[in-house]
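The primary structure of each chain is shown beneath.
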Amino acid sequence: AMNFEWPWQYNFPPFFTLQPNVDTRQKQLAAWCSLVLSYCRHHKLYTLDVMEAQESPVFNNKKIERILISNKHVCYVCLCLLTAGNLEWLDKNKSRCLVMWRRPEEWGKLIYQWVSKNGMVNSVFTLYELSNGDDTESEEFHGLEEWMLLRSLQALQSDGKAEVFTMDDGKGVKFF
Amino acid sequence: MDRFSWSNGLLEINETLVIQQRGVRLYDGDEKSKLDVGVALLSTHRLIWRDIKNHECCMSMPLSQIIFFEEQAAGIGKSAKIVIHLHPSPANKEPGPLQNSKYSYIKLSFKEHGQIEFYRRLTEEMTQRRWENTPVSQPISSGTGSQSGRTRAVGIVGIERKIEEKRKETDKNISEAFEDLSKLMVKAKEMVELSRSIATKIKDKQGDITEDETIRFKSYLLSMGIANPVTRETHGSGTHYHMQLAKQLGDMLQAPLEERGGMMALTEVYCLVNRARGMELLSPEDLLNACKMFESLKLPLRLRVFDSGVMVVQLQSHSEEEMIASALDSVSEKGSLTAEELAKLLGLSVLLSKERLLLAEKMGHLCRDDSVEGLRFYINVF
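Chains R and B, in that order, are what the protein sequence lines are. Read in order, the letters of the first sequence are residues 1 to 176 in UniProt numbering. Read in order, the letters of the second sequence are residues 1 to 382 in UniProt numbering.
One chain only, chain R, in its complex shape (with noise of 0.2 angstroms):
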């Protein structure tokens, strides 16, 4: 895979100190938000701990000695990122996430592209052929988690424009 190429923010030391300034807070939590989303996208990364976060060096910069410091620090980023829809808490101690850096409705919109491309409405398909048959293996939810999957089909579902169903083995989905 290709290196990942960080921000330039990710290099500027007060990037790791939470700003009193309300307003250059809120820009520095943007770029975080947008740094944590690249990341996990580039690494395929689709849950984060906020015990561990600073192991990661997302949250850990060795080359110029910073750490956001504070879990509460992690907590504001995941915050900001929940307000946009690319978050969810995995427990009630909100410890662990689901990092969403697609969220469920975009992930669908782009199955429906790719359905809609190869003249497949009206086909009905197993969600493992979806993430893992040979037919999307040039399509970025080629691999996609089986949980986020199936949350992409429910919110097509929701706009009618799917439907998932049970099958023996797993679960089917008819494309409209």
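Honestly, the hints are just simulated from the structure, not real lab data. Where hints are given, some of them may not hold.
Claimed, not checked - Simulated crosslink set (BS3-like; lysine-lysine; CA at most 30 angstroms straight-line):
#1 R:63 to B:362
#2 B:102 to B:81
#3 B:172 to B:162
#4 B:362 to R:27
#5 R:62 to R:109
#6 R:117 to R:174
#7 B:334 to B:362
#8 B:334 to R:62
#9 B:166 to B:102
#10 B:334 to R:63
#11 B:168 to B:201
#12 R:63 to R:44
#13 B:53 to B:32
#14 R:44 to R:94
#15 B:334 to R:27
As the list claims (entries may be wrong) - Here are some, though not all, of the chain R residues that point toward chain B, as calculated from beta-carbon distances under 7 angstroms:
#16 13
#17 17
#18 19
#19 21
#20 23
#21 24
#22 28
#23 84
#24 109
Just so it is clear, the structure is predicted and the values come from calculations on it, not from any experiment. We treat Cβ as the ideally placed atom computed from N, Cα and C, and that holds for glycine.
With chain R held as given, fit chain B onto it using these hints.
Structure of chain B alone, referenced to chain R:
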């Protein structure tokens, strides 16, 4: 022993203390007296003995009373002694601890040693006989009061001596005043008086010294004392007092503020004002209250409270934009700065330079990097 008279223990004008020795017991002849532990003092004129516990108990005899004296070496359980043989007491002798004694000699018993030195100095004094050259009032003969015996200076010599004494006194005051701060407090009023009198002298002699020197001297004086400090006594308490005080502060802070770039921390103002006021010290509360009145009195000064709670006095003309701009220039030039570094660059106090940085941060021009290395400020590029 009956040759001793009671004494106040003070030396006369021309009398000098030669030596003193602690732990000396007096013997009346061969008998131990009740005068147990004391200090024996030898002056150019007298032999003095003072009780160690009761300082009121002090007696003396003139050295002229002594015929001769001898040493008595120490033995086992015996301290070394000096035996002093005495003339019979004069008829008009002032009262002492003993009115009559069958002995014509006394002994000094040295319990804490020192007898060798004491003996040597006594020998010296007895041979030099300094009491004959510079007579002092003799309590033995003076009868009443000792001040009548003081040397009275008359004529020009007297005036000169007086001036010399005064100069010495002033000299002493000045050196004492600078010895430490607590003494300065005590001497402050005198210092203010002194500076005032020097100021008047300068006024009188205006022709003799150059304009430049006068101004310089006056500025020294000004930094030492204000001519007429406003005090609570003269202006009552409360608002009126604070108003007067505010006006005075307005006058005296103008120059120092301009010197310091238009802004001073309130603590710094406090020190400066109180140093100038000498004795009439201001309480921090009064200073603060006076500063709060700057605005309503339309004085060109303002009290300013930073978000951090730090209070400063600044000139009204003092431009915030300029202040922030200078901080920004320094930061962008150096890449990043701590408050300490900026303080060094601009010659400010660290406290004030930090306030500048925080202000610039608040305006969104700077952002911070808070790490183990300290708090650094960068240009806000977010």
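Hints, verified against the model:
| no. | hint | result |
| --- | --- | --- |
| 1 | R:63 to B:362 | holds, 29 angstroms |
| 2 | B:102 to B:81 | holds, 20 angstroms |
| 3 | B:172 to B:162 | holds, 15 angstroms |
| 4 | B:362 to R:27 | holds, 15 angstroms |
| 5 | R:62 to R:109 | violated, 38 angstroms |
| 6 | R:117 to R:174 | holds, 15 angstroms |
| 7 | B:334 to B:362 | holds, 20 angstroms |
| 8 | B:334 to R:62 | holds, 23 angstroms |
| 9 | B:166 to B:102 | violated, 50 angstroms |
| 10 | B:334 to R:63 | holds, 21 angstroms |
| 11 | B:168 to B:201 | holds, 19 angstroms |
| 12 | R:63 to R:44 | holds, 24 angstroms |
| 13 | B:53 to B:32 | holds, 18 angstroms |
| 14 | R:44 to R:94 | holds, 21 angstroms |
| 15 | B:334 to R:27 | holds, 24 angstroms |
| 16 | 13 | holds, 4 angstroms |
| 17 | 17 | holds, 4 angstroms |
| 18 | 19 | holds, 5 angstroms |
| 19 | 21 | holds, 6 angstroms |
| 20 | 23 | holds, 5 angstroms |
| 21 | 24 | holds, 5 angstroms |
| 22 | 28 | holds, 5 angstroms |
| 23 | 84 | violated, 18 angstroms |
| 24 | 109 | violated, 31 angstroms |
Checked against the numbered hints above, the structure breaks hints 5, 9, 23 and 24 and satisfies the rest.
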